[in-house]
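Given the sequences, and given the hints that come with them, work out the whole structure.
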Amino acid sequence: MSFSGTVRLTDLNDFIAPSQNCIKPILDERSTANQSERMRLDRDEINKSSQEKRILKPVSVTLDDCLACSGCITSAETVLIEQQGPKEFLKMIEEFSNDNKVISKETKSLFVVSISPQSRASLAASYNLTVEVTQRKLCAFLRSLGVNVCLDTTFARNFSLLATAEEFVDYYRKNYLNSTSTSLSISPLITAICPGWVCYAEKSVGDIVIPLMSKVRSPQAIAGSFVKDYLSQMMNILPNRIRHVTIMPCFDKKLEASRSAFFTDDGSSREVDLILDEKCADLKNFDSNEQPNDLCLSDIVDENALYNHEGSGSGGYLEFVFKYAAKELFNLDISSVEYKQRHTRSSSNSRQ
0 MSFSGTVRLT DLNDFIAPSQ NCIKPILDER STANQSERMR LDRDEINKSS
50 QEKRILKPVS VTLDDCLACS GCITSAETVL IEQQGPKEFL KMIEEFSNDN
100 KVISKETKSL FVVSISPQSR ASLAASYNLT VEVTQRKLCA FLRSLGVNVC
150 LDTTFARNFS LLATAEEFVD YYRKNYLNST STSLSISPLI TAICPGWVCY
200 AEKSVGDIVI PLMSKVRSPQ AIAGSFVKDY LSQMMNILPN RIRHVTIMPC
250 FDKKLEASRS AFFTDDGSSR EVDLILDEKC ADLKNFDSNE QPNDLCLSDI
300 VDENALYNHE GSGSGGYLEF VFKYAAKELF NLDISSVEYK QRHTRSSSNS
350 RQ
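The opening position of the sequence shown corresponds to residue 0 in numbering that gives the first Met the number 0, with each subsequent residue numbered one higher.
Note that these hints are calculated values from the structure, not bench results.
Accuracy of the hints is not assured; some may be wrong.
With a cut-off of at most 27 Å between alpha-carbon atoms, the simulated DSS-like pairs for lysine-lysine come out as follows [said to hold, decoys possible]:
1) K326 x K339
2) K214 x K322
3) K173 x K214
4) K90 x K107
5) K173 x K278
6) K86 x K278
7) K86 x K107
8) K326 x K214
9) K173 x K326
10) K214 x K202
Pair by pair, the computed Cβ-Cβ distance ranges are [claimed, not checked]:
11) N239 x I207: 27 to 33 Å
12) A162 x M234: 21 to 27 Å
13) E131 x F158: 35 to 41 Å
14) F158 x N127: 41 to 47 Å
15) D169 x V130: 31 to 37 Å
16) P85 x N239: 38 to 44 Å
On a predicted model such as this, the values are computed, not experimentally measured, just so you know.
Where is the CB? At the ideal position from N, CA and C, for every residue including glycine.
Below, the structure written as structure tokens:
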């Protein structure tokens, strides 16, 4: 399997050592008790009578708590890698097939896999195939295992790009165009689609960066909401009866899916139940059994078509938002964007 940078560097051992003290507030009671029960020993007096035995309540620490801790990201990743993988995926498939008897809305179920364009491109390069053929082979592979619906997450990326662009335009108008302040400090709007970066920002810089982070969901989170909300209603299936698996290029996406914010509205299930990487698929045996994507948003779009967007492999947010904002704010049509790499001076007064 492929792992994110910090995990791969250390073979699942901590690259940044976790903090010695857990920051979960419920644990403060234990540390306070230990402090209060320290005895002061003097030469002429040993006073133990004032010490009372305290029975502490059991402490419960979940993975969600660890994601907000000042410890190491890879510590949480190690737990998630153990909890999620091909074995768990096959177990989920087996449970789904044994339980998949269409009797009523309460028992009807669905198995959905959402495939990221980055994972598809990686597979295409590995097998020396086009991305279109790779997607069809991957859909055939997944359906042979019992998956009902295969989705391309590019549609979710498009929603994320548009929402981020609109967010930036509102942000710019509020802070710059409509501001009455005479001295404006230029602050960026930072995308928050990388869960590893989000965890780092929360733990290391906190209030400095978090107010600048975009509130828009990542493509995986949008796809999760789409499957467990829109698709659930469209197909008349309860959200907790839908199994949603994503194939992503980075295991940090497990950190994102485990957050309590990404549960269904009724709290019955996570919007993304399992995350796999592209190495779980073996496409060698599916040369003549290609199948198209499932299209749930439109009946007239070419089922074999794949869609992309301009910009870099990191999502194209910079270019899309720049062009959108130029048109919305200044009525400028930008056909292409020229990128220049610049370095700031090592001065506290200089900004890039």
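These are the hints, each one checked on the structure:
Simply put, K326 and K339 have alpha-carbon atoms about 22 Å apart, close enough for the 27 Å limit, and the pair holds. With a C-alpha separation of about 20 Å, the suggested pair K214 and K322 falls inside the 27 Å cut-off, and the hint holds. Of the supplied pair hints, the one linking K173 and K214 holds, its CA atoms being roughly 16 Å apart against a limit of 27 Å. The hinted pair formed by K90 and K107 meets the criterion: a straight-line CA distance of about 19 Å does not exceed 27 Å.
Our distance criterion of 27 Å between C-alpha atoms is broken by K173 and K278, whose separation comes to about 45 Å. The straight-line distance between the Cα atoms of K86 and K278 is roughly 13 Å, inside the 27 Å bound, and the hint therefore holds. Proximity of K86 to K107 is assessed by CA-CA distance (about 24 Å); at most 27 Å being required, the pair is judged to hold. Our distance criterion of 27 Å between C-alpha atoms is met by K326 and K214, whose separation comes to about 22 Å.
For the hint linking K173 to K326, the alpha-carbon distance of about 17 Å falls within 27 Å, and the restraint holds. Distance restraint check for K214 and K202: the Cα-Cα separation of roughly 18 Å lies within the 27 Å cut-off, and the hinted pair is therefore satisfied. With their beta carbons about 39 Å apart, N239 and I207 fall outside the hinted range of 27 to 33 Å. Taking 21 to 27 Å as the suggested C-beta distance range, the pair A162 and M234 conforms, at roughly 25 Å.
A C-beta distance of roughly 22 Å is found between E131 and F158, which places it outside the suggested range of 35 to 41 Å. A C-beta distance of roughly 32 Å is found between F158 and N127, which places it outside the suggested range of 41 to 47 Å. Our hint of 31 to 37 Å for D169 and V130 holds, since their Cβ atoms are close to 34 Å apart. For the pair P85 and N239, the supplied restraint of 38 to 44 Å is violated, since their beta-carbon distance comes to about 23 Å.
In summary, the structure is inconsistent with hints 5, 11, 13, 14, 16 from the numbered list given earlier, while agreeing with the others.
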